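Line by line, the protein sequences are chains A and B.
Each residue of the first sequence is one higher than the one before, counting from 1 in the numbering used here.
Each residue of the second sequence is one higher than the one before, counting from 1 in the numbering used here.
Keep in mind the hints are simulated off the structure, nothing from the lab.
Honestly, I wouldn't trust all of these hints.
Covered stretches of chain B (chain A as the covering partner; in silico rule of three or more C-beta atoms under 8 angstroms from a C-beta of chain A) [stated by the list, open to error]:
id : stretch
1  : 110 to 119
2  : 127 to 140
3  : 162 to 175
4  : 190 to 200
Pair ranges (Cβ atoms, derived) [unchecked claim]:
id : chain 1 : residue 1 : chain 2 : residue 2 : range
5  : B       : V76       : A       : E67       : 27 to 35 angstroms
6  : A       : F109      : B       : G20       : 34 to 42 angstroms
7  : B       : H131      : A       : E72       : 39 to 47 angstroms
8  : A       : E72       : B       : I81       : 27 to 35 angstroms
9  : B       : D243      : A       : G237      : 55 to 63 angstroms
None of the values given here were measured: they were computed from a predicted structure.
Note that the Cβ used here is the ideal one computed from N, Cα and C, for glycine as well.
2 protein chains.
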Amino acid sequence: MEKISETIVRLQNPPLGDRGKLYVIKIGGNIIDDEKKLSSFLKSFAAIDEKKILVHGGGKLATKLAEKMGVEQKLVEGRRITDAETLKIVTMVYAGYVNKNIVAQLQSFNCNAMGLSGVDGDIILAHKRKHPVIDFGFVGDVDSVNAPLLKNLLNQNLSLVFAPITHDQTGQLLNTNADTIAQEIAKAMSGEYEVKLIYSFEKSGVLMDADDENTVISSINPGYYKELKAKEKIFAGMIPKLDNAFAALKSGVNKVIIGKAEELDKLMKGTAGTTINND
Amino acid sequence: MEKISETIVRLQNPPLGDRGKLYVIKIGGNIIDDEKKLSSFLKSFAAIDEKKILVHGGGKLATKLAEKMGVEQKLVEGRRITDAETLKIVTMVYAGYVNKNIVAQLQSFNCNAMGLSGVDGDIILAHKRKHPVIDFGFVGDVDSVNAPLLKNLLNQNLSLVFAPITHDQTGQLLNTNADTIAQEIAKAMSGEYEVKLIYSFEKSGVLMDADDENTVISSINPGYYKELKAKEKIFAGMIPKLDNAFAALKSGVNKVIIGKAEELDKLMKGTAGTTINND
């Protein structure tokens, strides 16, 4: 006869066929800075019945606060360097102001959200980026995601909201790319859930012509991606997103969708945005 | 025969005699501003074997940031008014910078901490303070604490770290007194745990002479408290703390201890500080 302890384990770990759905949604770009668009997006997010995780950046708020505080923003080859003062600012803005305001709004929409960063519950462990030429400062590259704890929190009917701050277990916080965090969470959870990873931002999807919102490519597979890159049809800023998307699919993520934050409902149904798939 | 679902409930809810210990510890005053003292305190906190919750304020960091940003601090009858800009600052400093840095340090001391505010998981619901004369702005008075969720998180072997920000379920964040939050959490958890509530700060305890650290009153019960107040032996700033302490005991908290943050080990053993008790 099955022991009670075994029953508990079995009830908590359904076989793969019974896997629930999980949405991992990155909200980015200018949406965070636009009160109305953000609120409308959060209303759509709150209405999702399935388990869900939101990952956000900080929009232009961090840059604005740095200006107010007289902290100079250092860029090397177009990439922001996170010195100690900048780390302080992004921790305040991302993990404090933006995270808690998003959570408060979700609560008002009857979505029981919990705001976290990677340091909380040791959920996202990272290391300071090593680069042969550029010292990025306190920028983190992700090593691991604590999937069992995330699963347990989701099982409390909590929707999780992540600020892109991680840590290295020596007490050092690290500023970390929010796209990467969304991807790493999606990958880590794909053993337990059928994961859909959605990158939502201000554009309608992957565009054939970066200036024309009517040129959304509805679907991209690896062969087509190669072709588009060869013909230089892909906007350079989109390439890391697409590389990440294909990497996520390889690691077990079910689907990656890229599109407009205001169209979250349609992105989830697959009637808007660009779907990245393997076949 | 007991159903499996009943067994799970029974295993998760031990009878009162089996109640574990829980420490709810408020860290306040100048400790947050003093890197060395804070680090030493956090090392002691990390070493506590029992379940534990830390509640912190923000020290002088919020005031310093407000000065840098040119936000004027408004005081009415010596009490800080939280206008919209100040709320933004305390949310950034308390829930962002201070909370995440404390959690990162605890992680480095092998304590799996999770940083939260009252809005996360709808843990602390509050309402905007109503006062016949003074408009305190976005200041919250606590209505309820979500004890079942706290218990579940503690059962994941997480130590919880609270920033004193709550919400009113309409999307509004509220700045809330950290002493009160510690007290409300302690009260709410006293049905499930034998709770010890520790207020740790820069003083050695409740002092007979506010200027002499060698005049710690080791124990105060309601009768003695009445006597001390009548003789005006109690420093005015200590009265709200003591009123809170007695209210907590009435609501089921096992013990309240007030003393120096650097002596946390001794406060827990009862060999330093002031113990507030009912008999």
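A quick look at each hint next to the structure:
no.	hint	result
1	110 to 119	holds (count 7)
2	127 to 140	violated (count 0)
3	162 to 175	holds (count 7)
4	190 to 200	violated (count 0)
5	B:V76 / A:E67: 27 to 35 angstroms	holds (31 angstroms)
6	A:F109 / B:G20: 34 to 42 angstroms	holds (36 angstroms)
7	B:H131 / A:E72: 39 to 47 angstroms	holds (43 angstroms)
8	A:E72 / B:I81: 27 to 35 angstroms	holds (33 angstroms)
9	B:D243 / A:G237: 55 to 63 angstroms	holds (58 angstroms)
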